[in-house]
Each structure stands twice: as structure tokens, then as C-alpha cells.
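Trainee: Sequence:
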Amino acid sequence: MKGEHILPLSQSGSARNTHIEDHLDGSSAAIKVIVFGGLDGILTMFAVVSGCAGAAISPLQTICVTLGTLLASAFSMAYGEFISCKAERDYVESERLREEREVEEKPEMEKKEMLDIYTNRYKFSSADAHDLVELTFRNKDFFLRHMMAEELGILLTEDDMTPVKKGLVMFGSFCILGSFPLIGFIGNFLGESGSDTSRIIGFTTTALFSVIGAMSLGYFKGSYMRQRRMISALMMALNGVVVGFISYLSGLVLMTLFPEASI
Numbered sequence: 001m002k003g004e005h006i007l008p009l010s011q012s013g014s015a016r017n018t019h020i021e022d023h024l025d026g027s028s029a030a031i032k033v034i035v036f037g038g039l040d041g042i043l044t045m046f047a048v049v050s051g052c053a054g055a056a057i058s059p060l061q062t063i064c065v066t067l068g069t070l071l072a073s074a075f076s077m078a079y080g081e082f083i084s085c086k087a088e089r090d091y092v093e094s095e096r097l098r099e100e101r102e103v104e105e106k107p108e109m110e111k112k113e114m115l116d117i118y119t120n121r122y123k124f125s126s127a128d129a130h131d132l133v134e135l136t137f138r139n140k141d142f143f144l145r146h147m148m149a150e151e152l153g154i155l156l157t158e159d160d161m162t163p164v165k166k167g168l169v170m171f172g173s174f175c176i177l178g179s180f181p182l183i184g185f186i187g188n189f190l191g192e193s194g195s196d197t198s199r200i201i202g203f204t205t206t207a208l209f210s211v212i213g214a215m216s217l218g219y220f221k222g223s224y225m226r227q228r229r230m231i232s233a234l235m236m237a238l239n240g241v242v243v244g245f246i247s248y249l250s251g252l253v254l255m256t257l258f259p260e261a262s263i
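At position 148 of the sequence shown the residue is numbered 148 (our numbering), and the sequence of numbers has no breaks.
Some clues are possibly wrong.
Stated by the list, open to error - Keeping only pairs whose Cα atoms sit at most 27 Å apart, straight-line, the calculated DSS-like set for lysine-lysine is:
1) 123 x 111
2) 86 x 112
3) 111 x 86
4) 123 x 32
5) 32 x 106
To be verified - Computed spacing ranges between beta-carbons, pair by pair:
6) 168 x 258: 22 to 32 Å
7) 200 x 253: 30 to 40 Å
8) 32 x 258: 38 to 48 Å
9) 153 x 234: 26 to 36 Å
10) 86 x 141: 43 to 53 Å
11) 69 x 153: 31 to 41 Å
12) 86 x 250: 52 to 62 Å
13) 104 x 65: 50 to 60 Å
14) 149 x 31: 17 to 27 Å
15) 223 x 151: 48 to 58 Å
It should be emphasised that the hints constitute simulated quantities derived from the structure, not laboratory data. Model, not experiment: these values are computed from the prediction. For glycine and all other residues, C-beta sits at the position ideal for the given N, C-alpha and C.
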């Protein structure tokens, strides 16, 4: 099997447009992983830095925490992507083999199932439904794919990205884009004076880099998905701002309630 996996049936209409399918099918899986991993990386790391800033943790300790979180979270996301992708492929392959065996061993039963779908779901007449079944059954591969789409909601598509590749792409996108919140913070830390003003500048720079990273990712997603690019970018940025605000406020409130726990 080569990359056969589940897609929502609502997407089947786009498969009729050969040009769009050729344009998107080769890279859509990678784009999905990059956007998901990159956004999660930016938001996770911005939340960690914001929480540390709200809790008044020292810059050096913040960097140690965030770097550890970056690598551990990236590995966790990559491994999760690998496991979920492999499980999906294994499920689709098992269903494909089962349906393929039934088509060979019980062709009349499979024809009857498709006949019922045509007449009950699509309201074809019995004669037209019978003709459709007989016509499609002449091409066993087409019949199998069509039957799996109608019965199980599974579209068999070509996807060159193996579970290992998806895991590696997830790890890379999480680390690269997740580093955005750290760039400004580390840059400010290297020349900081240790004052409160320096900390404020460091956090502000971190927030700025995080918003820029989120907006860039949103703009890229909007361009690829043929959506309004600025709207997509602003929605991503808004997500980052809300996440950072919640994390910063949580750290600030806890340190206000328990000042003796200050590091």
C-alpha cells in the first residue's frame, strides 16, 4: 500500500478537478503537519515564556525551562504524529484487504450493498442502479475504491509521506517555529542588565517575535488554502496573544498570592 488514508467525504468533490488534485495532493499532508506542528510550537513556547515572566522567574532559568520544553514537546508531538499516522494506515489497509477479499469471494453480496446505496441514498431507480453496479464492477479497483468511500467513508489516496517522514516534519516544524519566542528573549538576555526594565523589554520582544511567527504561519496557510491571507494571519496572531495573556496572567496571579515562593 502506498499512503492510502482516510479523508472526509466532503473532499471527494475536489477529486473531480484533476488540476486541483494534482496541485494539492503531493504536498497537502506535509502542509498540514507543518502548520499544526509550527503553530503548536509557537503557542507552547510563548505560553511557557509568558508564564515564567508572570512568575518573575530569572531569565537564565526561563531559558533552561523553555529549551527543555521545546525539545521534549517536539519529540512528543513527532512521536504522536508517527503513531497516529501508522495506526490510520494500518486500519485503512486492514479494511481494504477485507473488502477486497469480500469482492472476490462474495461478489453478489457486495453488488447488493452498492445497489442498496444507489437506490436508498441516491434515489436511483432499480434499473439504473443495477446498470451502475454492473458497469462499475467491470473495473474491480474502481469498484473497491468507490465501495469503501460509500460504505466506510474512506477515500484511498496516494500519499508519499510515510509515518516516519511525518514525524520528522512535525519535529522540525515544532522546533524551528517554536524557537521564535526564544529568539528575542535570548537576544535580550545576552545583553541584559538584570533590571526590571530589561525583563519587560525581553518579554515584549518575545511577544513580538511570537506574533510575527504566528502571523507568518497564518499567512502561509491562507495562501496555500486559498483563503484570505491577512484574515488567516490575524486569526493566528490573535490565538497567540490570547495564549500568552492567559499564561502570563496565571503566573502573575500565583506569584501575587504566594510571594514567599518567588525564586
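Trainee: Next step is simple, just say for each hint if it's right about the structure.
Mentor: Tested hints:
no., hint, result
1, 123 x 111, "holds (16 Å)"
2, 86 x 112, "violated (33 Å)"
3, 111 x 86, "violated (31 Å)"
4, 123 x 32, "violated (36 Å)"
5, 32 x 106, "violated (39 Å)"
6, 168 x 258: 22 to 32 Å, "violated (42 Å)"
7, 200 x 253: 30 to 40 Å, "violated (18 Å)"
8, 32 x 258: 38 to 48 Å, "holds (42 Å)"
9, 153 x 234: 26 to 36 Å, "holds (34 Å)"
10, 86 x 141: 43 to 53 Å, "violated (24 Å)"
11, 69 x 153: 31 to 41 Å, "holds (37 Å)"
12, 86 x 250: 52 to 62 Å, "violated (36 Å)"
13, 104 x 65: 50 to 60 Å, "holds (58 Å)"
14, 149 x 31: 17 to 27 Å, "holds (23 Å)"
15, 223 x 151: 48 to 58 Å, "violated (36 Å)"
Comparing the model with each earlier hint shows violations of hints 2, 3, 4, 5, 6, 7, 10, 12 and 15; every other hint is respected.
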